[in-house]
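All chains, please: the whole structure from these sequences, using the hints.
Number of protein chains: 2
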Amino acid sequence: MIDIAIFDEHKLVLDGLSVLLSGISDIRIILSCDNRSVLTEKLKSMQIHVLILNMHDISVRNLNLIVQLNISSPKLKILIVSVIDSEEIVLKTIKAGAKGFLGKDSDRNSLLEAIYTLRNGHDYYSKSITHLLLNRYISSLKADDVNQNTDMTSLSSRQIEILKLWGESYTNQEIAERFFISVRTVESHKNHIMQKLNLKSTVDMVKYAIKNNIIEI
Amino acid sequence: MIDIAIFDEHKLVLDGLSVLLSGISDIRIILSCDNRSVLTEKLKSMQIHVLILNMHDISVRNLNLIVQLNISSPKLKILIVSVIDSEEIVLKTIKAGAKGFLGKDSDRNSLLEAIYTLRNGHDYYSKSITHLLLNRYISSLKADDVNQNTDMTSLSSRQIEILKLWGESYTNQEIAERFFISVRTVESHKNHIMQKLNLKSTVDMVKYAIKNNIIEI
DNA sequence: TTTTCCCTTACGTGAAACACGTAATTGCAT
DNA sequence: ATGCAATTACGTGTTTCACGTAAGGGAAAA
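Here the protein sequences come in this chain order: A and B. Position 201, counted from 1, in the first sequence is what the working numbering calls 201; the numbers after and before it change by one each time, with no gaps. Position 149, counted from 1, in the second sequence is what the working numbering calls 149; the numbers after and before it change by one each time, with no gaps.
Keep in mind that the hints were calculated from the coordinates and are not lab data. Any given hint might turn out to be false.
As the list makes no split between identical chains, a pair holds if one copy fits it or if it spans any two.
Claimed, not checked - BS3-like, lysine-lysine: derived pairs with alpha carbons at most 30 Å apart:
| id | residue 1 | residue 2 |
| --- | --- | --- |
| 1 | K196 | K211 |
| 2 | K42 | K196 |
| 3 | K211 | K95 |
| 4 | K211 | K92 |
Remember, predicted model here, so these are calculated numbers, not experimental data.
Shown next as structure tokens:
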């Protein structure tokens with residue numbers, strides 16, 4: 001018997017995924033959840049084998065969720081379901097500690113296959129993902145420390161504050177006034193951000209901030 | 001009997017949604033599809049009452065899909081399912097011709113309710129959405145021409161070309177060289193873009209370009 | 001047909017932002 | 001204690017932005 005938890009921000013999709021698994025005799029859905037903090041809380045007191053996590057967007061929040069769950073529930077295997085399947089993003093979830101990834105080519109059978117595979121202690125990536133990762137060394141990635149930089153922790157809080165305001169179209173002058181610092185300092189912070197993240201232009205910086213949910217589109 | 005088509009780019013979610021509707025006696029799922037062009041083609045030769053469209057992102061592509069389906073199949077009612085529920089986005093889908101919107105607070109019952117409501121010729125918006133739209137005049141919006149500007153057509157092709165390169169972190173100088181024009185002209189184009197779209201900063205311009213799929217994140 | 005409107009091209013000028021380097025102070029961690 | 005990163009800030013030169021002006025071309029409307 002495999003005990004499953006499912007998380008999806010969209011109730012409808014959550015219900016859909018639940019129903020897909022409801023007929024299987026050796027799979028038991030223990031928890032079906034659309035709230036992040038409820039999920040974290042409940043998982044602490046439960047012995048779940050596999051968590052199915054539908055990620056609508058790859059944000060720092062979501063990646064951190066994976067990292068934290070891996071710490072608080074080391075036995076839990078996390079299976080990512082997502083339409084997003086760029087190489088970068090798959091790698092990030094794996095680094096964060098996910099044990100499987102189902103891209104948008106996956107169907108119900110892949111889902112079941114993935115659950116059994118994860119339960120048996122192995123990893124599962126759907127075909128399109130495996131193809132993506134062919135030239136990468138997944139194992140070497142996984143050998144790294146989970147807490148290693150995946151861009152998540154690399155910006156300081158001050159840098160994020162400034163990036164946030166700038167991402168809301170504040171001018172350097174306005175940011176400087178807001179924080180009672182010099183315009184030159186604001187420039188410095190931005191320079192440091194770009195150096196640190198190896199960004200080539202401010203356009204890249206906007207993209208980075210959006211990708212990491214620091215600013216909203 | 002209500003004939004339904006379901007579209008979702010993610011097979012797994014598609015299957016989930018299908019299963020949610022499979023037990024209902026007066027609902028018949030005619031088409032279950034994860035490919036945009038297949039969907040467009042098949043809908044032409046079918047008499048579908050309600051199309052359930054799961055939008056993972058609100059792009060020009062997706063909005064145009066709605067517009068086009070409304071033209072090619074005027075009787076078809078389009079029901080949007082999406083985790084994205086910002087006011088702007090809901091308004092855009094309504095402008096494009098969607099007849100219903102299920103936000104992430106919706107469950108199976110809302111889905112059924114929405115389908116019946118749409119079949120009866122009325123619109124359906126889930127609670128969170130209705131709340132969003134309280135102060136807006138949905139009806140007046142809908143009275144407008146579907147082809148009215150939703151920002152999609154307002155930029156000239158030259159302006160888009162320049163926006164694209166700039167969105168890939170090209171400098172004005174590089175863009176100028178690429179097109180054999182002066183740097184000042186590139187600046188002019190950007191000025192005109194910002195004036196036309198009433199953007200306050202380049203950050204806004206990046207966001208605009210991303211929202212409208214002119215540049216990739 | 002002439003007028004009107006938008007697109008594309010381009011410049012002038014002053015302000016703001018960027019690139020790159022340097023550097024002092026603070027605070028945390030090894 | 002010593003090192004490393006964060007925060008603050010400036011110098012200097014280049015690039016981009018903001019706003020105005022403007023000429024030439026083409027398409028559509030009057």
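How the hints compare with the structure:
1. K196 with K211: both (16 Å within a copy, 27 Å between copies)
2. K42 with K196: Intra 37 Å, inter 50 Å, cutoff 30 Å: neither.
3. K211 with K95: Result: close both inside a copy and across copies, 16 Å intra and 28 Å inter.
4. K211 with K92: both (12 Å within a copy, 23 Å between copies)
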